[in-house]
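Peer 1: The lines below spell out each chain.
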Amino acid sequence: MPYRLELTGITKRFPGVLANDNVTFAVKPGEIHALLGENGAGKSTLVKMIYGIMQPDAGEIRWDGQPVTVSNPKAARRLGIGMVFQHFSLFEALTVLENIALGMDAKIPARELEARIREVMTQYGLLLDPHRTVATLSVGERQRIEIVRALLLDPKLLIMDEPTSVLTPQEVEQLFEVLRKLAAQGCSILYISHKLHEIKALCDTATILRGGKLVDTCDPRQETSRSLAEKMIGAGLRDITRAEGRSIGQAKLVVSHLSTQKAGHFDVPVDDVSFTVRTGEIFGVAGVAGNGQNALLDALSGEIRSDKDAISIDGQGLGMLDTTGRRKRGLCAVPEERNGHAAVGDFSLSDNSVLTARDRLGMVVMGLINSGAAKTYTGKVIADFAVKALGPASTAGSLSGGNLQKYIMGREILQKPSVLVVSQPTWGVDAGAAAAIHQALVDLAAAGSAIVVISQDLDELRALCDTLAVINMGRLSPARPTKEVSVEEIGLLMGGVHGATEVHDAIPA
Amino acid sequence: MQFRLEKRREPSQFMLYATPVAAVALTMIVGAIIFSLIGYDGLGAVREIFLTPLTNAYKWQDLGVKAAPLIIIGVGLSIAYRANVWNIGAEGQYIMGGLAGTGIALLTYGMTGWWVLPLMVLAGVLGGMAYAAIPALLKTRLNVNEILTSLMLTYASVQLIYYLIRAPWKDPMGMGFPQTRLFSEAARLPTIIPGTIVHLGVPIAIVVGLVAWFIMTKSVFGYRMRVVGAAPHAARYGGFSEHKTIWLALLVSGALAGLAGVLEVAGPFQRMVPGFPTNYGFTAIIVAFLGRLNPLGVIIAGIVLAITFVGGEVAQTTIGLPNAATGIFQAMMLFFLLAGDILIKYRVRRVVPQPQAGAA
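Those protein sequences? They're chains A and B, same order as listed. With our numbering, letter number 172 in the first sequence gets 172, and the count goes up by one each step, no holes. With our numbering, letter number 265 in the second sequence gets 774, and the count goes up by one each step, no holes.
One thing to keep in mind: the hints can contain errors.
To be verified - The list that follows gives simulated cross-link-like pairs (lysine to any residue, SDA-like), each with its CA atoms no further than 25 Å apart:
no.: 1; chain 1: A; residue 1: Lys262; chain 2: A; residue 2: Arg132
no.: 2; chain 1: A; residue 1: Lys107; chain 2: A; residue 2: Lys28
no.: 3; chain 1: A; residue 1: Lys156; chain 2: A; residue 2: Glu141
no.: 4; chain 1: A; residue 1: Lys74; chain 2: B; residue 2: Thr726
no.: 5; chain 1: A; residue 1: Lys328; chain 2: B; residue 2: Lys727
no.: 6; chain 1: B; residue 1: Lys854; chain 2: A; residue 2: Asp346
no.: 7; chain 1: A; residue 1: Lys28; chain 2: A; residue 2: Glu141
no.: 8; chain 1: A; residue 1: Lys28; chain 2: A; residue 2: Thr11
no.: 9; chain 1: B; residue 1: Lys854; chain 2: A; residue 2: Ser394
no.: 10; chain 1: A; residue 1: Lys375; chain 2: B; residue 2: Arg859
no.: 11; chain 1: B; residue 1: Lys727; chain 2: A; residue 2: Gly391
no.: 12; chain 1: B; residue 1: Lys727; chain 2: A; residue 2: Asp346
no.: 13; chain 1: B; residue 1: Lys854; chain 2: A; residue 2: Ala183
no.: 14; chain 1: A; residue 1: Lys483; chain 2: A; residue 2: Trp427
no.: 15; chain 1: A; residue 1: Lys416; chain 2: A; residue 2: Gly401
no.: 16; chain 1: A; residue 1: Lys262; chain 2: B; residue 2: Arg859
no.: 17; chain 1: B; residue 1: Lys516; chain 2: A; residue 2: Ser44
no.: 18; chain 1: B; residue 1: Lys727; chain 2: A; residue 2: Ser44
no.: 19; chain 1: A; residue 1: Lys380; chain 2: A; residue 2: Trp427
Keep in mind that the hints were calculated from the coordinates and are not lab data. Computed from a predicted structure; not experimentally measured.
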């Protein structure tokens, strides 16, 4: 039997970067094939060429044994290639059915389409009401829409791009069931991820990319997570070293009965949140995206103000202060969105340092910016955090995601904040950079700062945090020591099991 | 053969400065073609509009006098536009500045003393500021779009001129003409080059541009304006309140438009007349964009636009071009500039057509 998909010598060059260098691998019918690599390893570029979004500069793509040129996504779909993107393209105000109808190449009458959707859903156990409005659905349910949309076309190859990054552990298990069923029926699956335990649990074959080159094709079930990671990163892994003698001291950051207003239509505010972080402690907030994490970060950083005593450091209320006022009191924050929120893409790194470090580090004298000081500080951040940038004058937008995140984390950490609040510190960051960022957070805690980490990555939180709480629909569960909570418990809390009645109240009729 | 726009990794510095030049060049070429097609001497029109004001030394003083208000207003607008605050009503703020200055000139009529002019200038600045405060208040309190309010207030200010010069401020010796009396000596802007019409406003415009450049590049105020415009979310994270920025942007641009107004009424006009609104406030929008929202660029752009004004007048007399031709040339310049701006962030690449997919 010929391979379903065969890539030979695929090469793609961008100005200054060789994104894919002579990549060769093949996917069998009915195989779940992992495409593994760090961010920037060239996975996305490769997949974009398979799906027709880009064209290779050299090399050949064979489909069921025949050489093909996939000139655009429509042609890919005609061949039988479906793709579920990491970021969904759904209209929140429309229903499931309307969203699927909008994405179809062929116009199908609504009644017929609904029948087909229900058929696909029952066949694969994808439970979803076609008439629900997307805004009322969880992220896992939204992903199911995208999967249904792809399955309606009867694909022979389904590409999944980092599908589990926004799911609860239970939802991940459900997704895997669906994928296994699909594979059993002969559909090949190309599964892109950097989560090693998932790949070990799900995939038959793994193709590992590093720096645009193919490193290895192996059976992930025969490998350990560590050996896979080392192939992916290309060097021995560095474990986070917990500094000796890190001791958790007295209460530093106290949040009591913090609530925010609903700003946008689909915005989730925080509701009566209370917690305490002590010096030297790393406090983790787990939760599925869109459960009030953004509002929590904004309320802590000072972008949203609150009652004076809702937030206090060392017993002094600072809820009424803006971000500048809070920074002066030692509270720094890093929001989730790097470009346009934590940094200005069009500005140089030096100018981006002025954004948050100007007061704590004396970059402003009588209303004038001391650009020399900003440059020196930026140089220090670049050096200390191994940021790959030409220098302080490079624009933030020219850096890769991981490097920009390292710069942003460095910019805040080197200000030696007594309280640091970070959201998704390693979102979309390669393993090497993630390890460096984790180490920096641990070191900062060891130096006596109180740290809050808001993240959707449970592995990250469990590795990093001393204490964990889960946010769901804007409410925070009671905090517990990380060692005492199981993944299952966290998963249930993430799914909102502790407050089922409230969840139902929150869904508009 | 196909062409495609491709996003650049970094914005092109070359294009940033090349597109204004290209826009002026394209305006000349297309202008020449269009006016030839409708039966005028197209080449002559371009020559008279763009070159004569430069080659004829006698016209230079006109250039300075026309450029000064354009530069002063354009600098203010460039600051506001940086912060994405779209003050379109500089003409109204210019008028209110002129009226406030006129008020002081009439109150102090017949008096002498060095303090009269500074007082007028102060009044003019405050007048422009106060008028720009209305859109700021509406925007920050009720979220009313400042483009609409600032523009509509312009028409209200024109009516205010007509009212004032027909009734309370009418020249008692003016034989019924709707205008104020000629300001007394102390309320007139001195000329700085004897024998010409070049008044104190011309060097003031240059100083305003230089000071604004320094503030925009070196100060926290300038940083605030740039960051709010480039990434409002990041600005909030950095501790810059959006409302305060809107107020600052409108007050600064209003103040400078008011300054231009008072300098204009105390300089070239020396009295308030119905013809005082000369669309400087609107033309300055083109100046601000042509100058790349950079105060130094605005100085150059102000001179370029002044050339078209002076040249337009020349062309009216020499080749009988209608007055509206000046407006057409100015509008073309803005059009080509905005169209060309896409090349700063994108580049054009030729695409070699690919054969269609195997499965048809």
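Peer 1: Just to be careful, I want the Cα atoms of Lys328/A and Lys727/B compared with a cutoff of 25 Å; is the pair within it?
Peer 2: Holds. Lys328/A to Lys727/B sits at ~22 Å (cutoff 25 Å).
Peer 1: Are Lys854/B and Asp346/A close enough, with their CA atoms no more than 25 Å apart?
Peer 2: Within the cut-off at roughly 11 Å; holds.
Peer 1: Assess, step by step, whether the Cα of Lys107/A is no farther than 25 Å from the Cα of Lys28/A, and give holds or violated.
Peer 2: violated, 32 Å
Peer 1: If you draw a straight line from the CA of Lys727/B to the CA of Ser44/A, is it 25 Å or shorter?
Peer 2: Violated, at about 41 Å.
Peer 1: For Lys28/A and Thr11/A, compute the direct alpha-carbon distance and say whether it is at most 25 Å.
Peer 2: The hint holds at about 22 Å.
Peer 1: If you draw a straight line from the CA of Lys375/A to the CA of Arg859/B, is it 25 Å or shorter?
Peer 2: Violated - the C-alpha atoms of Arg859/B and Lys375/A are around 39 Å apart, more than 25 Å.
Peer 1: For a C-alpha distance cap of 25 Å, please report whether Lys854/B and Ser394/A respect it.
Peer 2: Within the cut-off at roughly 16 Å; holds.
Peer 1: Tell me if the straight-line CA distance from Lys74/A to Thr726/B falls inside 25 Å.
Peer 2: violated, 48 Å
Peer 1: Does the structure keep Lys380/A and Trp427/A at a Cα separation of 25 Å or less?
Peer 2: holds, 24 Å
Peer 1: Decide if the proposed pair is consistent with the structure: Lys416/A and Gly401/A, CA atoms, cutoff 25 Å inclusive.
Peer 2: holds, 23 Å
Peer 1: Are the Cα positions of Lys727/B and Gly391/A separated by 25 Å at most?
Peer 2: holds, 20 Å
Peer 1: Tell me if the straight-line CA distance from Lys262/A to Arg859/B falls inside 25 Å.
Peer 2: Since the Cα atoms of Lys262/A and Arg859/B sit roughly 48 Å apart, the hinted pair is violated (cutoff 25 Å).
Checked against the numbered hints listed earlier, the structure breaks hints 2, 4, 7, 10, 13, 16 and 18; every other hint is satisfied.
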